[in-house]
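Number of protein chains: 2
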Amino acid sequence: MKDKQLLMIPGPTPCPTSVLLSHARPMINHRGPQFKAVFNDVTENLKKIYKTKNDVYILTSSGTGAMEAAIVNTLSPGDKVLALSIGNFGDRWAKIAKEFGADVEKVDYGFGNAVAPEDVKARLAADTNKEIKAVLIQFNETSTGVFNPIDKIAPIIKEHGALILVDAVSGLGAIDLDVDALGLDVVCAGSQKAFMCPPGLAFISFSEKALKAAENAKMSKFYFNILEAKEFAEKSQTPWTPAVPQFFGMQTALQEIMDEGIANMQARHIRLRNATRAGVKALNLKLFVENDAIASPVITCLEAPAGITPDAIRKLALDKYGVVYAVGQGKLKPTHFRIGHLGYVNESDIYAALAVLGAVLSELGYDCDPSAGVVAAQAVVNREL
Amino acid sequence: MKDKQLLMIPGPTPCPTSVLLSHARPMINHRGPQFKAVFNDVTENLKKIYKTKNDVYILTSSGTGAMEAAIVNTLSPGDKVLALSIGNFGDRWAKIAKEFGADVEKVDYGFGNAVAPEDVKARLAADTNKEIKAVLIQFNETSTGVFNPIDKIAPIIKEHGALILVDAVSGLGAIDLDVDALGLDVVCAGSQKAFMCPPGLAFISFSEKALKAAENAKMSKFYFNILEAKEFAEKSQTPWTPAVPQFFGMQTALQEIMDEGIANMQARHIRLRNATRAGVKALNLKLFVENDAIASPVITCLEAPAGITPDAIRKLALDKYGVVYAVGQGKLKPTHFRIGHLGYVNESDIYAALAVLGAVLSELGYDCDPSAGVVAAQAVVNREL
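Chains as they are written, first to last, in this note's numbering: chain A, 901 to 1285; chain B, 901 to 1285.
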């Protein structure tokens, strides 16, 4: 039963069988009429989740490719960029911008924290010459399990006038984000996250302002050239041969999301977070993010108990129960691990993940009631569902 | 029966049902033990087709992504590059190199021709200061249906000392290419070509010399950074979340290729080319490439008869028979179209494609024996198989 696994990681997430089977459809001509219909259907539904009238382009890459596309299509070498980092992905984005020649001011808010809006306000106010061309921010920081208050930060950036580039790869769909209401210029997302599809496609929205910036952006780019993507999107195509199976899968997955309802999907993710956090606490384990207000609806980071390594927990859970927890990232790797509750995941999956966690910890010598996590999670679900 | 199509295009090619179904396997952790086994299996079999001991890295992108990776990982802005173009993809590669700051000398051999080895020899001999850092060349130029005599050109470049970067996206697998014997430094390939897999993955080999160049290459890169790919390949992973379904598909497809035998697969592609060309000529149609010695084993470009547009032929073939021919590319678009014979294609597919071509042309008023193409193709197959 090696194939029977419960994937509790922040992507690839579990996928509905209908979505997986869509990947097995025979190939079609990516320049033909059938592909156009799929392309249009996927794009239209993506825009509903983005809550935007902006263009949303579809790239064959991971989310990191979309992050690169956001940078190289809006900036020129030497442009000043404010990178707000709260973890590994924030660090990565600053690194990408630097690699392509931006003058990056990285502000590190520390692992486990969110970006502080009043700090952003002060920094931007100090930029009296309006030298900062763009602000980089994560919507949801996957490495720590924190999501940023974009709704509070976006208006501050809007007031300054810099472009707002948002890495929403792990967050979009799972957490409400109103791209148009907040005026977000570029927003990155990925198929293997809330969209409950396999990896292979990334998504990126561009506001009119961002498209105007693209016309003047001098950073080197070819594969990720958004103006090429725009030109081809106008004929319902991609400039380069796309990952056709994932287009089929996204078409199916987005229909399932529309059937569930976008608001219901997002309420589900919050409920799963609340249940997971209650369960972790009931097992007397330490949550990495103690503040409920910034705790990610897609992933929960927790500390392994003293004397037990995260690797030992993850290995036993996988080998004995087929449950896959995610590793801790960056400096948290030796001490922490993560439980993803993202995509095609429901309440019973959380119960299973917590029951296995209790069992594994007991077996590894940790003194706990192995069912305490499930009991606490059930209480949350009974209250919220 | 809209789903029933015969894809005679140069990618995506038709795929075996076993390969398609592999794409429907449940997701796994791309950082876990199961993925490592798939990664290793795919990499090992890829190397057999490349005939190389060099590293072969796997990118989630189209072939164009691999072409970008070849450039940005071996060169620095200002480096002199000799780009040998015989069509659209040659032009594209020169454009990529220029975009990232190379000093590109593009030599245009003209649509329908192959690169002339003696000309390359003269040009490189004139570079007495050894300023040319790399030579860019297509193995198979998909836009025209010509393949270059890499076996004659590679030794000339080796003697000069420049890096040999080969775009073998549409050719590798279908046409014999001995990467190690020829000393090719970087060779690009793609899943949706001879590998009879859906699009989504690109492959790229790096010689030791190319890896050394990568350590000093100053062009901007992040997503396509090959030294990152190398570091992760050492633990059987990719740096960014890969298109997992295509890894499953490639594992199955490569096993099928090993079962057929690499030499048999390549003989099949030559046979299909010969049969297609004989059929086209028997229908009194004009082949774009008249010289058999450089005619591509993966795609045949032909001219539509006077008074009939390629679009009319393609549309009727698709609507009435479900046969998909490819458009002409670049300046050939108004007058030509192409028949792909690449990937999961056999003799009976060629018969069908030629019979439909004869029928469609007759219906559009062209004076021909509609079965003449099939008769001629059968004669070739009977002789060669």
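For the record, the hints were derived by calculation from the structure and aren't laboratory data.
Please read all numbers here as calculations on a predicted model, not as lab measurements.
Honestly, I wouldn't trust all of these hints.
Same chains, same names: a pair is fine if it fits in one copy or spans any two.
[Said to hold, decoys possible] Once the Cα atoms are required to be at most 30 Å apart in a straight line, the calculated DSSO-like pairs of lysine-lysine come out as:
#, residue 1, residue 2
1, K1130, K998
2, K1215, K1130
3, K1118, K980
4, K951, K902
5, K1112, K1021
6, K953, K1220
7, K948, K1220
8, K1135, K980
9, K1233, K936
10, K998, K1233
11, K1118, K1181
12, K1233, K1135
13, K1021, K1135
14, K947, K1052
15, K936, K1058
16, K1130, K995
17, K936, K904
18, K980, K1231
19, K995, K1135
20, K902, K947
21, K995, K1215
22, K1135, K947
23, K947, K936
24, K1033, K1233
25, K904, K1052
So, going through the hints one by one against the coordinates:
| no. | hint | result |
| --- | --- | --- |
| 1 | K1130 x K998 | both (25 Å within a copy, 22 Å between copies) |
| 2 | K1215 x K1130 | between (45 Å within a copy, 26 Å between copies) |
| 3 | K1118 x K980 | both (14 Å within a copy, 21 Å between copies) |
| 4 | K951 x K902 | neither (40 Å within a copy, 33 Å between copies) |
| 5 | K1112 x K1021 | within (25 Å within a copy, 46 Å between copies) |
| 6 | K953 x K1220 | neither (48 Å within a copy, 38 Å between copies) |
| 7 | K948 x K1220 | neither (41 Å within a copy, 36 Å between copies) |
| 8 | K1135 x K980 | neither (35 Å within a copy, 36 Å between copies) |
| 9 | K1233 x K936 | between (44 Å within a copy, 20 Å between copies) |
| 10 | K998 x K1233 | within (25 Å within a copy, 41 Å between copies) |
| 11 | K1118 x K1181 | neither (50 Å within a copy, 49 Å between copies) |
| 12 | K1233 x K1135 | between (46 Å within a copy, 17 Å between copies) |
| 13 | K1021 x K1135 | neither (41 Å within a copy, 43 Å between copies) |
| 14 | K947 x K1052 | within (22 Å within a copy, 52 Å between copies) |
| 15 | K936 x K1058 | neither (35 Å within a copy, 45 Å between copies) |
| 16 | K1130 x K995 | both (26 Å within a copy, 19 Å between copies) |
| 17 | K936 x K904 | between (36 Å within a copy, 17 Å between copies) |
| 18 | K980 x K1231 | within (28 Å within a copy, 42 Å between copies) |
| 19 | K995 x K1135 | between (34 Å within a copy, 23 Å between copies) |
| 20 | K902 x K947 | between (38 Å within a copy, 28 Å between copies) |
| 21 | K995 x K1215 | neither (32 Å within a copy, 48 Å between copies) |
| 22 | K1135 x K947 | within (17 Å within a copy, 38 Å between copies) |
| 23 | K947 x K936 | within (16 Å within a copy, 35 Å between copies) |
| 24 | K1033 x K1233 | neither (34 Å within a copy, 42 Å between copies) |
| 25 | K904 x K1052 | neither (42 Å within a copy, 52 Å between copies) |
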